[in-house]
Amino acid sequence: MDFDAKTVVDNLLNGISAETKKDLIVKDETLLSKMMSDKDSHDGEGDRIKWDGFVWDLRWDCLFPVTRAVAYFLWSCFMGLVFAFYSAFEWVAFRLTGKRKNLRQSIRTNSVILIGGIISTITMIVVMLVFFIKDVLLFPADNHINDYGTVTMAQPCGVEHNVLLVNSSEFWTETGIRVVEGDLVKIATSGAFYGNLVDFHDSALENRKRRYAPDNFHWKIEDSPSLIQKFKQWIVNKAEVKDEIRFCVYGRNEERDARYGSLLYQIKSEGEIAAVKNCPDKEQAIFQVNPLPDQAFEFKVKKSGVLCFAINDIYLDDSTIVNNIIDSDLQIYKDSKAGKTEKRPLLSEHTLSRIENNPAARANFADSILAGNQSMWYDDNIGEILINVNIERKEPGNLLSFLTKPFRWIFHNKGWMWILGALCLLMASDLFVGIATRRKRH
Amino acid sequence: MEDNNKNQKVEIEIVRHKGLFEILRDPKQLWKVMLAMFLLIIVLFFGLSIVVVSVKSMYPYETVRTNPYGATILEDEDKEVIYWLFNTAELWANSGIEVKADDVLTIRSSGKMHTAIHHLVSNAEKNKQLDDRWQGTEGEQVSSYKLGKDKLRTKFRIARNNPESILLMQVIDYDNSNLSSEFISRSDPKHQEILSCLNSNEAIVIGKERRNLRPGKDGILHFAANDIVLTDTVIIDMYRQYMDSILAFDKSKNYRIFGPDAERQWNELYNSCIVNDGDIEKELLTKTDLLSALNTLAKREYKEEYADVGLAFKMYDKQKTGTYPVVNELTFYKKEKFRDAWFADNIGSFLIVIERKKQK
Chain A
46 MDFDAKTVVD NLLNGISAET KKDLIVKDET LLSKMMSDKD SHDGEGDRIK WDGFVWDLRW
106 DCLFPVTRAV AYFLWSCFMG LVFAFYSAFE WVAFRLTGKR KNLRQSIRTN SVILIGGIIS
166 TITMIVVMLV FFIKDVLLFP ADNHINDYGT VTMAQPCGVE HNVLLVNSSE FWTETGIRVV
226 EGDLVKIATS GAFYGNLVDF HDSALENRKR RYAPDNFHWK IEDSPSLIQK FKQWIVNKAE
286 VKDEIRFCVY GRNEERDARY GSLLYQIKSE GEIAAVKNCP DKEQAIFQVN PLPDQAFEFK
346 VKKSGVLCFA INDIYLDDST IVNNIIDSDL QIYKDSKAGK TEKRPLLSEH TLSRIENNPA
406 ARANFADSIL AGNQSMWYDD NIGEILINVN IERKEPGNLL SFLTKPFRWI FHNKGWMWIL
466 GALCLLMASD LFVGIATRRK RH
Chain B
38 MEDNNKNQKV EIEIVRHKGL FEILRDPKQL WKVMLAMFLL IIVLFFGLSI VVVSVKSMYP
98 YETVRTNPYG ATILEDEDKE VIYWLFNTAE LWANSGIEVK ADDVLTIRSS GKMHTAIHHL
158 VSNAEKNKQL DDRWQGTEGE QVSSYKLGKD KLRTKFRIAR NNPESILLMQ VIDYDNSNLS
218 SEFISRSDPK HQEILSCLNS NEAIVIGKER RNLRPGKDGI LHFAANDIVL TDTVIIDMYR
278 QYMDSILAFD KSKNYRIFGP DAERQWNELY NSCIVNDGDI EKELLTKTDL LSALNTLAKR
338 EYKEEYADVG LAFKMYDKQK TGTYPVVNEL TFYKKEKFRD AWFADNIGSF LIVIERKKQK
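Protein chains in written order, with my numbering: chain A, 46 to 487; chain B, 38 to 397.
In isolation and in its complexed conformation, chain A is listed as follows (with noise of 0.2 angstroms):
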């Protein structure tokens, strides 16, 4: 019955009046107790709210109907999902009790949904505030060094900033910096190499200029694509340097965007030996870092280890390699001498003249390089590069990291752009064809 003051006043002046004995009961439940009581139980058939089922209702007298109509076919679905979900949770209470329960109209049931959805709501907004104080704004700096001397500073969002100092003569440098499968790593350096100590002095002796182009003075081709290309046709053109790129670790494979004196990146597993080349039989494992003008370069790991820096150059780890070269330069010192050629060999003058018909001292001389002097040809590199390597964890790392991510996406990547676009084209588009619409009909 519905509460009505005037009622109850009437019928306790006429029970005062009539001087009956009434017996007076007020029911004052408490708001939780009222929703946890399964009183108003809607468990008839004809009782029960029923799915709607799929509405698509486009109306074109409105001004975003698409919009609209999207919007409430969206609705049907989701209600079509939740009103499966409490058929379901019927089912296992018939299952359980024995009895046909309506659980979609139990204000028991749906009080708790809504407890907890409110229970959720303020947990969400209290952690939401919590990641944006302590995780992003007011972030902590925690700068350290690893044992390889790498600085790494720690970013809000799972970012990680490294700086260290390569020097251009060691065959892979261990960097100590541990990368997962999924992290997005970004590298830019500065400083700058030269691959040949002894050209590097020579060519200031003899007052020349260096005999490798001035891109291979710098790491990096810092310049357009077609410059790339441009120092590829170089490569064609200069048939020397075309050999020393096929006897590089990079190159090797005939890899086809190798430049002598690039940087190159391998990842691998913490203990394991670093990778000579990459096998055509094998997974890639050493890459070449190719910035384009304007951008540092970008890659995202595919596989979890430690990451590694070397500069491309001639390594002796094969005696088909050593052999190539030292055949190879035998022949340009033979045609040097006989002024067939102005083309320099790569090895000095001094060891040709020696191992030139003598077969001995030329498999002395190979075995030497294989037995303990495979890097020789990085030892005479001369510089440093500073590198920064710069990585967006996949995994944050932290609790927060369902936050992190999106907030990442949408605010480091740029996402929030395409978001933004995206809707604004729809929206735009749908009140265009709405007004378009009204128009004809009016």
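Treat the hints with care, since some could be wrong.
Computed cross-link-like contacts, PhoX-like style, restricted to lysine-lysine with a CA-CA straight-line distance of at most 25 angstroms [what the hints assert, rightly or not]:
1) Lys72/A to Lys149/B
2) Lys149/B to Lys192/B
3) Lys290/B to Lys351/B
4) Lys355/B to Lys254/A
5) Lys357/B to Lys385/A
The set of hints was computed from the structure by calculation and includes no laboratory data.
With the hints as your guide, set chain B onto chain A.
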């Protein structure tokens, strides 16, 4: 309420929050409320994100980023600190650091360089004390053996009358900045002026430290060690001075190698091959008096004295002895457009740290 004659009972049930219970009885209403709460969370997330990003952009707190040229930038609310490694063999190396005319910069640098790797190697081979010492970013005192030469060369350096190898900076606008290896070889006069600063004061001397420096114009910071850039204009001036000093020396010593005809022919060669772009080795063959004088000099025991005269240019590799000093390293640099020849043999790097105050 039951009004029963036999058992009269008044039951009053107070129902509060009628609206809430209507929602609880209707699953559609309930889930609309749930959806509204969810949308509230989304809107709050975006709203807070915008606020946070705006606050962080205005008041960055320990932010680290890099530019494509490898400069590491540590940003705070009131200043930026930028680290960048500069190889001294590069001429006007592009740091990618953009500045505005009224920025206030404090620049410090560290590291050492050597100006001549071949001298370094030669001294090391002979276990000799270095002829040229390793120099810091402020440049150092010139070694005594080249004091005279240095005094003459200093006015051709990028920063005139400043120590050799001192760290220099120039603000170059984006269109003219060093973006490729062609930066050094471009021939237009404006570009050559950027390289050599011969007639401008664009080069800013940094040395070990410069405080509260205002760039004076918008552009990108480029760095170089102070030395001579061998642009055509510089070579023309230097060759003229060198030529005059050789002729003056010849007269003062009374060696009389260069007679009036040889001198006249040398002037003609200067105009045709140095000022203009003739082939000096080829045209020298047509200057018989000059060629004869040079051949004479080549046979004299005092010929070495000519190597230390004035700006003291040396022969270049593969040069015939009988053409020196008319043909020398300078003519080679001009022919090859080897503008950064005196930078190419530098060895060593400087770490440059730039502090920029944020404009309020």
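Status of each hint after checking the structure:
1. Annotation: proposed proximity of Lys72/A to Lys149/B is violated, straight-line Cα distance about 92 angstroms (limit 25 angstroms).
2. For the hint pairing Lys149/B with Lys192/B, the CA-to-CA distance comes to about 23 angstroms; that is within 25 angstroms, so the pair holds.
3. For the given pair, Lys290/B sits about 20 angstroms from Lys351/B by alpha-carbon distance, which is consistent with the 25 angstroms threshold.
4. Of the pairs offered as hints, the one joining Lys355/B and Lys254/A holds, with about 13 angstroms between alpha carbons and a cut-off of 25 angstroms not exceeded.
5. A hinted pair counts as satisfied when its Cα atoms are at most 25 angstroms apart, and Lys357/B with Lys385/A qualifies at roughly 21 angstroms.
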